[in-house]
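There are 2 protein chains.
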Amino acid sequence: MKNLLTRCSIRKYSDRPVADELLNRLFAEAARTQTMGNLQLYSVVVTREAEMKAKLAPAHFNQPMVTEASVVLTICADFNRTTQWALNRKAHPGYDNMLSFLNAATDALLYTQTLCNLMDEEGLGYCYLGTTIYQPQQIIDVLQLPRLTFPVATLTVGWPDECPPQSDRLSVDSFVHHETYRDYTPQSIDTFYTAKEQLDENRRFVEINGKETLAQVFTDIRYTRSDNEALSAELLKSLRNQGFMV
Amino acid sequence: MKNLLTRCSIRKYSDRPVADELLNRLFAEAARTQTMGNLQLYSVVVTREAEMKAKLAPAHFNQPMVTEASVVLTICADFNRTTQWALNRKAHPGYDNMLSFLNAATDALLYTQTLCNLMDEEGLGYCYLGTTIYQPQQIIDVLQLPRLTFPVATLTVGWPDECPPQSDRLSVDSFVHHETYRDYTPQSIDTFYTAKEQLDENRRFVEINGKETLAQVFTDIRYTRSDNEALSAELLKSLRNQGFMV
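Order-wise, the sequence lines are chains C and X. At position 30 of the first sequence (counting the first as 1) the number is 525 in our numbering, and the numbers step up by one without a gap. At position 209 of the second sequence (counting the first as 1) the number is 704 in our numbering, and the numbers step up by one without a gap.
Bear in mind the hints are in silico, worked out from the structure with no lab data behind them. Hints are not guaranteed to be accurate.
Stated by the list, open to error - Residues of chain C clear of chain X, computed beta-carbon distances all greater than 12 Å:
| no. | residue |
| --- | --- |
| 1 | P553 |
| 2 | T601 |
| 3 | D678 |
Stated by the list, open to error - Chain C is faced by these chain X residues, among others (derived, beta-carbon under 10 Å):
| no. | residue |
| --- | --- |
| 4 | T501 |
| 5 | E524 |
| 6 | D573 |
| 7 | A586 |
| 8 | Q639 |
| 9 | L665 |
| 10 | D668 |
C-beta atoms are modelled at their ideal positions from N, C-alpha and C, and glycine is treated no differently.
Could you build all of it, start to finish, from the sequences and the hints given here?
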């Protein structure tokens with residue numbers, strides 16, 4: 496797949512515009528991705544207006560890509576459209592529940608990733624913002640997302656104006672299991688993680704953050720228990736507000 | 496992207512074996528997909544043994560692909576490996592919560608879809624089994640998935656022995672919104688769904704099932720409120736069992 500092996504997240508974009516014709520072609524092609532019952536349980540909200548980008552930015556901790564990218568795409572799990580269809584066709588939909596949320600989130604994320612792979616092939620740069628599910632209510636309010644929709648992914652998109660170094664990955668045998676899950680031991684953890692821990696950039700990362708181990712940078716600074724628990728409570732509240740956990 | 500526009504789910508496979516070398520190459524290439532904090536919050540369990548396929552089959556409503564495919568891949572959201580890493584590195588992980596589950600499920604699903612796109616390019620056939628989250632506990636038990644892992648996707652994989660007709664898709668303007676979500680009206684539902692409803696295969700589908708509308712086939716037979724609610728309760732129970740909702 497063209498450019499997959501050299502891909503990087505792109506956070507700086509040139510002034511070259513991203514044409515609607517190109518985006519629409521990629522949106523249509525990505526829709527060939529498998530989808531539950533062929534229902535296409537997703538929506539894409541395209542943000543181009545500066546004012547709307549500025550409103551979305553706080554939900555993404557004001558990462559500069561949100562206001563600097565040509566386009567911001569918010570991909571949503573969507574059981575609203577299917578529900579509206581059913582209600583207009585003498586049918587009684589029952590998609591206000593957790594399974595239906597995960598069905599739609601799955602459809603939306605698979606669609607998102609085909610779109611990413613297509614953008615890689617076109618040479619378009621993008622950055623996937625995991626912050627989308629951190630403060631979903633802000634995004635829901637700004638984009639006016641109705642009941643039975645939920646934002647699950649955001650992509651900032653533009654033509655690249657940087658060529659960052661590629662990040663490392665774990666070896667295949669660290670995450671592939673045969674027949675049953677083989678749980679990890681102190682020895683296998685050493686085998687799989689030592690190379691990552693010894694990378695110059697990761698040693699620096701540990702030092703800058705005043706920590707003893709790389710793992711501590713993740714548990715104590717980047718993704719802490721207290722943040723995760725507070726954000727989980729908000730996430731569940733937003734899922735309830737959007738009608739997915741009644 | 497090669498073969499994307501003509502892709503179909505493949506449910507019948509030839510006897511030609513799927514080599515481990517090929518799978519391992521695709522597993523490694525797919526790992527270039529973006530991942531949260533470069534943590535790669537996923538695992539893949541490869542099932543080749545007939546006995547294990549037979550054990551997995553009931554969790555997938557005994558769809559014949561599970562026992563007939565060369566390989567079955569179960570892709571799991573995985574915060575276990577990262578947690579074991581942290582515990583072995585004097586760090587205090589806090590990933591037993593809903594946000595962390597969704598973070599890992601997201602990583603796993605994005606990884607899954609790049610893998611699917613790579614398989615399309617190789618000419619490999621696959622069928623995505625949405626049943627994975629319907630009865631996850633059975634899969635957890637068979638594959639011995641530990642706490643902080645959860646199956647989110649299953650792919651049956653083999654060389655194609657069929658060339659099924661391609662299914663239709665909704666038009667791009669049905670699922671793409673600009674600046675804010677434009678909710679649906681009876682008129683826009685007609686615009687977006689009439690072509691689908693008038694397809695011969697869908698008319699037959701309505702007739703065979705003794706229904707008045709296509710939407711009723713979905714709400715009354717394929718994805719009913721009572722099934723969704725019962726499966727949601729099981730899903731939440733399994734999420735709790737696996738330590739993701741404490």
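Structure-based check of all given hints:
1. P553: For P553/C, whose nearest Cβ neighbour in chain X is about 17 Å away, the distance exceeds 12 Å, so it holds.
2. T601: violated (6 Å)
3. D678: Contrary to the label, D678/C does not stay out of reach of chain X, its closest Cβ about 5 Å off (not over 12 Å).
4. T501: holds (8 Å)
5. E524: holds (6 Å)
6. D573: Nearest chain C Cβ about 7 Å off; hint holds.
7. A586: holds (4 Å)
8. Q639: holds (4 Å)
9. L665: holds (5 Å)
10. D668: holds (9 Å)
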